[in-house]
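Asker: Listed below are the residues making up each chain.
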Amino acid sequence: MKSGKFWAWLTFGLGAAYFIIPLLATLEFAMRMRRGTYSFDAFAVVFGDPRFQQTFGYSVMAAIFTILLGVLIVVPTAYWIRLRMPHIRPIVEFVTLLPLVIPAIVIVFGYIRMYGSNSPLPFLASARGTDALLVIGYAILALPYMYRAVDTGLRTIDVRTLTEAAQILGAGWATIITRLILPNVLIAVLSGAFLTFAIVIGEFTMASLLNRPAFGPYLQNIGANRAYEPAALAVITFAVTWGCMSVIQMLARFAPKSANRPD
Amino acid sequence: MTETYLSIQGVQKSFGSTTVVRDFNLDVGRGEFISFLGPSGCGKTTMLRMVAGFEEPSAGKIFVGGKDVTNLKPNQRKVGMVFQAYALFPNLTVAQNIAFGLRVAGTPKAESAQRVQEMLKLISLPHLGDRYPYQLSGGQQQRVALARALAPKPRLLLLDEPLSALDAKVRVSLREEIRSIQKELGITTIFVTHDQEEALSISDRIVVMNNGRADQAGTPFEIYNRPATRFVANFVGTLNVLEARILDAEAGSVDVAGQTLALHRDLAPKRNGDTISLALRPEAVSLGRTGERTGALDATIADVHFLGSVIRVRTKVGDSTVSLDTFNDPTMPPPVSGAPAELAFAPRDLMVLAD
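These protein sequence lines map, in sequence, to chains A and E.
The UniProt record's numbering puts the last residue of the first sequence at 263; the count rises by one with no breaks.
The UniProt record's numbering puts the last residue of the second sequence at 355; the count rises by one with no breaks.
Since the hints were made in silico from the structure, they are not lab data.
Backbone N, C-alpha and C fix where the C-beta goes; we use that ideal spot for every residue, glycine too.
Misleading hints may appear alongside valid ones.
What the hints assert, rightly or not - Simulated restraints, written as ranges between beta carbons of each label pair:
hint, chain 1, residue 1, chain 2, residue 2, range
1, A, L251, E, S124, 31 to 41 Å
2, E, H127, A, Q249, 27 to 37 Å
3, E, E56, A, D158, 14 to 24 Å
4, A, N211, E, N71, 47 to 57 Å
Said to hold, decoys possible - A few chain E positions that, by computed beta-carbon distances, are all more than 10 Å from chain A:
hint, residue
5, R30
6, A85
7, N91
8, A110
9, L122
10, G139
11, S164
12, H194
13, H264
14, T294
15, D303
As the list claims (entries may be wrong) - One side only, chain A facing chain E, incomplete, derived with CB under 7 Å:
hint, residue
16, T161
17, L162
18, I168
19, G170
Taking the hints into account, I'd like the entire structure generated from these sequences.
Answerer: Here you go:
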């Protein structure tokens, strides 16, 4: 083996070990719930816990609504900026990056002050309103990922010419976006969607401070009070995230083909 | 020209302080094939985009079939357009691309399917309906783009440099195909190009544009043989330009490099002593007087290029260069560099260029 290849494999091995060993250690710890033997008891306890099902179900629903809201906001915005207002793109990119530098706790305290029961928009006056506010908050947190994913997708097609070709054939904006633009950036939208899903599933700060029964606070609660179950939950969360990534790859195979992505 | 179908009246377009189209006027007859010809940045595409509705004129009006369409949106104009970059929808098959306009218009499925088949047959690709655009060659993609533009039976067909992205061979065959389809359907067509050969070969009329203005509109024959301005003369075809000093404006007598030439035409409003530019097409010049070619200038052969069937000769008349092509005659030796020659031409072929 050439020395270059040896060092490449060694670096790869060290990198892989850095990620995999903690994961294996967590899995190994989670399987030691029964004394003297390995078992999946901790996983059985977690899956059998009605709070797990309830909070996981809640977070999945929140994630779906967040994705829908994100797509509704980001796709037309990114499209319009590419088509008509390319000069404001740096400003929009800066705005979409803000959630990365402003801590979620600051955003949620802002929400609590702005949308309390005495505000003209009293989101926090009801459970449904708070759920809506949580979804809006999640959409903001996911904005950097969703915007970049969609914008990158739009870069691969000639947005202006395709729009004009559709317009001259009689199409209106709704037809253009739903039948031409969205199908052609579907992979990008899906990438953004699954990143959003992964963020929402594990999010703690917003859900906790808005007092919603989400999976993040449940994870924290279990982690603070149990020994083996948190490890099992960590592995489950990791599996869910990786599952999302795999789904992106699978769906990419069924996406519309183009000159940029022929096979 | 038949009855006016498209009328462009006094159209102007400015982007900020830059005016890209100035006082553009044109009447196009039903079924006519018009080419906008000019160099990059002359305003031809902007003018086409105003007809399509993608740009709004800063001044002037555009009428189609007698109806003012100046303020109509592109999707309300019933105009078909083919783009330089094909602009086929990558997520749709060829058949779905062609059916797109019909579907948007709410055409019943059976009728739409029949029309798609008609269009596929028209572009000679009846078996490629299920393919995706990426599976087609550039020429095939552009033919599909043409079929897609024609499927909804538009009132006008606009072609924005549709052949520019294709290789030379495909370009020639496709331009002939476009022209034959246009004639078959009798659709009024505007074709934008910067390629003079393309414009000359397929147009009923050509509008030569320069710096936002239509310098001249006429048949290919008129544009080539009777260019109205120096720009048109230079842009269309190869041209020999000779600087001359007027000796007698009324009689049309001029001095070219110390030799007197009779143009047999009144050169007013120019006056005696003024300088003018005279132009001659290479094919209008021969070595030695023949038939109508009674006008003559003494020249010196500068160089000779043997091109097989044709011999290209460059001669010097004073400081000016005059090029001409002669057929290769195997019984005659080719001209020799440095030898004296007599350049002959018909005086009426000598064009006086306006500025």
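Asker: For every hint, state whether the structure bears it out.
Answerer: To see whether the hints hold, each was checked on the structure:
1. Taking the beta carbon of each, L251 (chain A) and S124 (chain E) are about 37 Å apart, inside 31 to 41 Å as hinted.
2. Look at H127 (chain E) against Q249 (chain A): about 34 Å separates their beta carbons, and that is inside 27 to 37 Å.
3. Distance hint check: the CB atoms of E56 (chain E) and D158 (chain A) are about 22 Å apart, consistent with the given range 14 to 24 Å.
4. Between N211 (chain A) and N71 (chain E) the beta carbons are some 55 Å apart, a value that agrees with the proposed interval 47 to 57 Å.
5. With a least beta-carbon separation of about 20 Å from chain A, R30 (chain E) lies farther than 10 Å from that chain, consistent with its non-interface assignment.
6. Not every beta carbon of chain A lies more than 10 Å from that of A85 (chain E), the smallest distance being close to 5 Å; the non-interface claim is violated.
7. Not every CB of chain A lies more than 10 Å from the CB of N91 (chain E), the least distance being 3 Å, so the non-interface label is violated.
8. No Cβ of chain A comes within 10 Å of the Cβ of A110 (chain E); the nearest lies about 20 Å off, and the non-interface call holds.
9. Distance check for L122 (chain E) against chain A: the nearest CB is about 17 Å away, which clears 10 Å, and the non-interface claim stands.
10. For G139 (chain E), the condition that its CB be more than 10 Å from all CB atoms of chain A holds, with the nearest at approximately 15 Å.
11. The claim that S164 (chain E) lies off the interface holds: its Cβ sits roughly 14 Å from the closest Cβ of chain A, which is beyond the 10 Å cut-off.
12. Every CB of chain A is more than 10 Å from the CB of H194 (chain E) (nearest about 19 Å), matching its label as outside the interface.
13. With a minimum CB-CB distance of about 52 Å to chain A, H264 (chain E) clears the 10 Å threshold, and the non-interface call stands.
14. Under the 10 Å C-beta cut-off, the non-interface status given to T294 (chain E) relative to chain A holds; the minimum distance is some 55 Å.
15. Annotated as non-interface, D303 (chain E) keeps its C-beta farther than 10 Å from every C-beta of chain A; the closest such distance is 46 Å.
16. Of the supplied interface hints, the one on T161 (chain A) holds, with its beta-carbon coming within about 4 Å of a beta-carbon of chain E, less than 7 Å.
17. Satisfaction of the interface hint for L162 (chain A) is found here, the shortest Cβ-Cβ separation to chain E being roughly 6 Å, below the 7 Å cut-off.
18. Satisfaction of the interface hint for I168 (chain A) is found here, the shortest Cβ-Cβ separation to chain E being roughly 5 Å, below the 7 Å cut-off.
19. At a threshold of 7 Å, the smallest CB-CB gap from G170 (chain A) to chain E is about 4 Å, leaving the interface hint in force.
In this structure, the hints that do not hold are numbers 6, 7, in rising order.
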